[in-house]
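A.B. asks: Based on these hints, arrange chains B and C on the given structure of chain A.
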Amino acid sequence: MNELEKKIKAKIPGEDTGIEIKRSLCAICSPGCHCGLDCYVKDGQLLKVEGTLEHPYNRGKLCTKGAANRNYIYREDRIRTPLKRVGPRGEGKFEPISWDEAYGIIAEKLAAVKEKYSPHSVAFFSGYCKWYRPILHRFCYTFGSVNFGTDDSTCFKSMDIANSLTTGAPGGPNIPNTNTFLGWNYGGYYSNHLSVGPVRALKERGGKVIIIDVRYSPAAKNFADIFLQIRPGTDGALALGMGKLIIDNGWADMDYIEKHTYGFDEYKELVQNYPLDKVCEITGLNPDDVFEATKLYATNGPACTNFSASALTHRVNGLQTHRAIICLGALTGNFDRPGGNVPSFASYIHKRGGFTTREMEFREEKRPFDQLRIGETRFPTWDEYCDEFQAMDLLRQIEEGRPYPVKAIVGFGMNAKMFPETDKLVKAFDKLDFFVDADMFMTYTAKYADIVLPSCSSLERGEMKAYEGGYLAFTKPAIPPLYESKSDVDMLCELARVMDLDDDLLKAGYEACCDWMIEGNGVTVADLKASDLPVKIQTAKPVVPGAYLEKGCRTPTGKIEFYSKAIAAYDPKYGLNPLPDYVDPLFDENDPETKEKYPFHMIAGIRIPNTIHSRVHEVPWLRSLRPDPLCEINQDDAKNLGINDGDPVEVSSPYGTVRLKAMITAKLQPGVLAMAHGYTEANANVLVGRDHLDPYSGYPGFKSLRCSIRKY
Amino acid sequence: MKHVFTFDPDRCCACSACMIACTDQNDINLKAGEKCFRKTYDTEVAFKEGGIYCAYLSTACMHCEDAPCIAACPVGCISKDADTGFTIYDNTNCVGCKSCAMACPFGAPRYNTEDGKMVKCDGCYIRIKNGMKPACVRACSFGALDCLTEEEYRNSGSDKACNVLIDQANLRKKEALGRWR
Amino acid sequence: MNKIAIIGFGAAGYCAAAEARKWDPDALIDVYTDAGRGPYNPMLTTYYVKGAIDYEAMFPFGSLDEIEERLGLCIHRNTAVTGLDAETKTICLPDGTKAAYDNILISTGASAFVPPIQGGDLPGVFKMRTAEDGVYLKKLLDGGKIRSGLVVGASWVGIKVVEDLVEQGVDCTLVDGADWAFSIAAFRQTAQRVHRDLEKKGIKLAFGQMLSHIEQEEDGRITAVMKNGRRFTADIIAICIGVRPNVAFLKDSGIAVNRGVLVDERMGTNLPGIYGAGDCCEAYEIQSGERKNIGLWFNARKQGEVAGANMAGKRKAFGGNALLNLAHYLDYDFISIGDVASCRDEDQVYEYEDDRYYIRAVRGEKLKCINMIGTGESNGVVKSLFIKYFENNQAEMDMASICHLKENGFPDSFIDFIGRDQH
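Protein chains in written order, with this note's numbering: chain A, 1 to 712; chain B, 1 to 181; chain C, 1 to 423.
Chain A on its own, in the form it takes in the complex (with noise of 0.2 angstroms):
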């Protein structure tokens, strides 16, 4: 091999070896994160990707999934052609279709099935990964559906709601200026890795670092000055522990308390049914590291709380949970304070970049108003601080056509998967007058559809991304898009035409639409496209700690509410507790036959660092790092139940079973069982009972339920 043979293998870029860097990012998580990408290219083809060391977001850093997006890319069951489905739902028989003959078909079962019940029978549903949402809400609103979801009927909206319903804002860990970090929940490592710099840069200064955690993580190995290992959904109690101590031993901020919270007489009774011995009880905890853990969260300086988009909302005591958590924010002024919990809002989709956009307005200008959203009425909560119906009730809806029928799915991305009984709402498909769905690959959910449109990935489209720090983004594609692949927000706008909607921007295309998006913060889509890296936004500023207490909070009484007066104006018939009181994460699954039958307690959608729900369990990097679906279970379990690592068990709660392999670890404690979700030969889902919900947000107990394990 000559010089430059060896540079073309070793990929370095350069004139002589033809291969460029092109600019890009990854979007196979949520787009709270999506990393820029650097995307080597020869001949149009993708040869390495390794993230952009100039771009403000991820510095350079990539996790293992976005690692391996060129795997992702290539994937070799790529969609090539809209596909019309010939053989029965789910069998995976499709004929190609070309592009028109595509809208064409959807443009007419549509528009049939508004005509024979209403626009609200259409529902439309974005799943992974979501970049396209303002377009598709916008779509849904025009065709006069009040009917747009998203998986935030089970993923990050719990907690939303929770921190609108009692500091009335979202508050992130302001790790770089605190003393101590009460990672509650925190994985970090596997879930969001360029959390990690900031808490290692936070043990390196000297400060401190609480983990509260099911399992032994990384993180509590790392970095832990203690670590409580608490029994799963049971963070509830230990939180209201926590308060008591706090006030107990005088180490409340008793003016801040004064100043600026409402409620605390009601929730210093409440937390005096939560002494120490009883929430160890509760917890499994040991008293004395919850004892020193309150004591090292509550006296040494600015101190924050990581805040779980999921972990410890899927439970059924979710909402409340995280409640009770930011109550202890509340307690000791570290809500709204350097160091503390700082408050921000979303720019555009999720990002909070300090300025603002019209993301909202885009799509409530054309928002109906004449029909109950799928789910309206049955989750107060979730109907006044969610802008979309909340799908776990898509399926009892679908399945009794009340209070009217849902007769078509227009979904992007939709997962079925990620819905408890997954195999009933599948059998429910066969309800819909019509189905369609975009996606890459033709996954277990598009399976079902009657047309099934090719979506291109990030890295062969362009779209408009904002990130922190006041930066706003437009890419460009990197490669042309594989086979005859498009972008999701293409295929919306194009059919917004051959629909003749009557929405001028929409037809108008995604770039118009963005620009409309971002008018008045001084840039066009046409300036962002100029640069290679995000922009930095002149209209952006900087959050302050401090400034939103000082506004007063968005909450009915313009203060932290430990006692909700939102929650206390809802209809009694619901049930639901002004003051984040605990209960059992089981206490629909404790009967004494379901608790024999049922012995473990199962959390059913763990991190692990070679996955993200169900988006790259058929990526076969990734999937060679760990290739079969695996249950977590304790040693000393396994051992009385005879079982092997590597042995094929079968996992069992009363709505489903699943078969997997035993992993024998010591991170988890006895009685627990722990898996990864989205695996279809051995989905979790099957596991969860569609009623077993909080009653507050509506999501489901994923992470809390009752299973039984045995050797196969």
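Since the hints were derived computationally from the structure, they do not count as laboratory data. Be careful, since some hints might not be right.
Derived pair list, reagent style DSSO-like, types lysine-lysine, alpha-carbon separation capped at 27 angstroms [claimed, not checked]: (1) Lys476/A - Lys529/A; (2) Lys35/B - Lys6/A; (3) Lys139/C - Lys22/C; (4) Lys139/C - Lys117/B; (5) Lys31/B - Lys139/C; (6) Lys2/B - Lys133/B; (7) Lys2/B - Lys314/C; (8) Lys22/A - Lys536/A; (9) Lys486/A - Lys84/A; (10) Lys42/A - Lys2/B; (11) Lys117/B - Lys138/C; (12) Lys351/A - Lys109/A; (13) Lys7/A - Lys117/B; (14) Lys9/A - Lys129/B; (15) Lys314/C - Lys117/B; (16) Lys117/B - Lys9/A; (17) Lys31/B - Lys9/A; (18) Lys6/A - Lys31/B; (19) Lys93/A - Lys507/A; (20) Lys109/A - Lys427/A; (21) Lys314/C - Lys48/B; (22) Lys7/A - Lys31/B; (23) Lys48/B - Lys7/A; (24) Lys117/B - Lys661/A; (25) Lys406/C - Lys661/A; (26) Lys7/A - Lys133/B; (27) Lys244/A - Lys427/A; (28) Lys486/A - Lys366/A; (29) Lys368/C - Lys314/C.
C.D. replies: Chains B and C alone, transformed into the frame defined by chain A:
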């Protein structure tokens, strides 16, 4: 300039981004049974005296200064790159005898099942020569893996060089999981 | 000026010359070799035979001319040293002349041992050690007329000859005087598995067969007759019963010789200024603390380097020397680490077997011997742990090795078994 790989086990979580990057960089054909040159470990090590240490490691060729594989190879496939000091190879004449594997204390050499020839980590020495970091280092989000010039390494005062790191199990006993139970 | 003589030019001789030159650019280095071509690697001959490598690849250091030029040596070709006067550090040459040096290295290697039997020189009877041996067999096999072959000696070389024959579709029989294959390194139980797997590949085996002589058959084939009268007839017969260090010329030189030249850690012999390295010598072995002749390419190179450095005035030592036998043939890996002969019936035995591995290890008061089949990529890790154990039998294993073994399917009980001594 001579380079040194460093590894800090207290920063690692075995997320395996390094393995994916190695696979991406070196076009490892997993389907054909090839394995990438780096290997991570998420391993629970039980001590006889009680307690369990949860090890997270990432290992590959340590690019030993006095690399035993070089002398062990009967056909002279393996050599030192004069610039970087990395242990590189040309497996044209490799007979697949696994002598290098017998010489290597770290299990670094791999064998392609297709052609029966040895492959191993070459430290991405061509990237280094072009001012870039090795692919695995570039992919490590947590600072566990790094690759420094000898001078940088000396100035860092670190004791984490891969080729001197012999992380004795007994030093980890105090970190065993038992302390939280 | 430092005058250095290197007697014998294999891997040890070459590495000694290279190392001496590295430390002493001015030294005069004379090399004496009984061959006219560069140092070859005896373990490559069978790979050359099966076409895995070209002829040139058997000579990993290049030709004599290239080496002479590269290292600034004076190479005396086809010159076998006939004797050595250790007192005066003088060597005797075939033409009767003598030459005196400051430092002398004995690196004459070893030769394949063919007992002086009747018929040992018949056409079709061959050994396998030198490049020429490889050329001979390759020509025979490439001729396409060989249908059957007999290999006498289930040794490391013998098994590679078997591989050459089997891969060419030659009907093959392997016989050995011992009761099982690899008897100097394999436990009987290990060998049973080896036998089973060889037989699965169509190789016929016979043990307890001591070669008596070889007879010519009328049809042109040849027959190896055993001392027990059993006859094995084939087109060709390979004699692979072992090697002997080339030390005959040292008789009466005053240099201490057992099986090979006895050397210390710095490769020095009993006489100052005279060194030994490679297959012709016996260096300290870590397990017994005694000196053993361990013929390994790696040892030859490392011992050569150590001798070369010391001859150039550097202090360098050779350590970590363990009894090792590695056989890789027909997609099969077998390794033995440690001294199988030291094992006793009353010792503690560890045995493990699954789809991939067979492991058998023995401990007396100390760890003694480990046999493993199918563990190729982990052999270095286990060997290194074995050596570390003998360097300090109280030290814990390192975490990386433990993780490697666990993740590669070695049971915890094995890791414990080869770990530090328990009290």
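A.B. asks: For the pair supplied as a hint, Lys406/C and Lys661/A, is the alpha-carbon distance within the 27 angstroms limit?
C.D. replies: The hint holds at about 18 angstroms.
A.B. asks: Is the straight-line distance between the alpha-carbon of Lys48/B and that of Lys7/A 27 angstroms or less?
C.D. replies: violated (50 angstroms)
A.B. asks: Quick one, are Lys476/A and Lys529/A close enough, alpha carbons at most 27 angstroms?
C.D. replies: Judged against 27 angstroms, a Cα distance of about 7 angstroms means the pair holds.
A.B. asks: Does Lys35/B pair with Lys6/A here, judged by a C-alpha cut-off of 27 angstroms?
C.D. replies: holds (21 angstroms)
A.B. asks: Run the distance test for Lys314/C versus Lys48/B: straight-line Cα separation, threshold 27 angstroms.
C.D. replies: Outside the cut-off at roughly 45 angstroms; violated.
A.B. asks: Hey, Lys7/A versus Lys133/B, does the alpha-carbon distance stay inside 27 angstroms?
C.D. replies: holds (14 angstroms)
A.B. asks: If you draw a straight line from the CA of Lys9/A to the CA of Lys129/B, is it 27 angstroms or shorter?
C.D. replies: Answer holds: Lys9/A to Lys129/B is near 14 angstroms, not above 27 angstroms.
A.B. asks: With a cut-off of 27 angstroms on the C-alpha distance, tell me whether Lys244/A and Lys427/A pass.
C.D. replies: violated (49 angstroms)
A.B. asks: Can the restraint linking Lys31/B and Lys139/C be considered satisfied, given a maximum Cα separation of 27 angstroms?
C.D. replies: Violated, because 39 angstroms separates the two Cα atoms, which is more than 27 angstroms.
A.B. asks: Is Lys7/A within 27 angstroms of Lys31/B, Cα to Cα?
C.D. replies: Holds. Lys7/A to Lys31/B sits at ~25 angstroms (cutoff 27 angstroms).
A.B. asks: Check whether the Cα positions of Lys139/C and Lys22/C lie no farther apart than 27 angstroms.
C.D. replies: Since the Cα atoms of Lys139/C and Lys22/C sit roughly 40 angstroms apart, the hinted pair is violated (cutoff 27 angstroms).
A.B. asks: Given the hint that Lys42/A pairs with Lys2/B, test it: the Cα-Cα distance must not exceed 27 angstroms.
C.D. replies: violated (31 angstroms)
The structure is inconsistent with the numbered hints 3, 5, 10, 12, 15, 19, 21, 23, 24, 27 and 29, although it conforms to all the rest.
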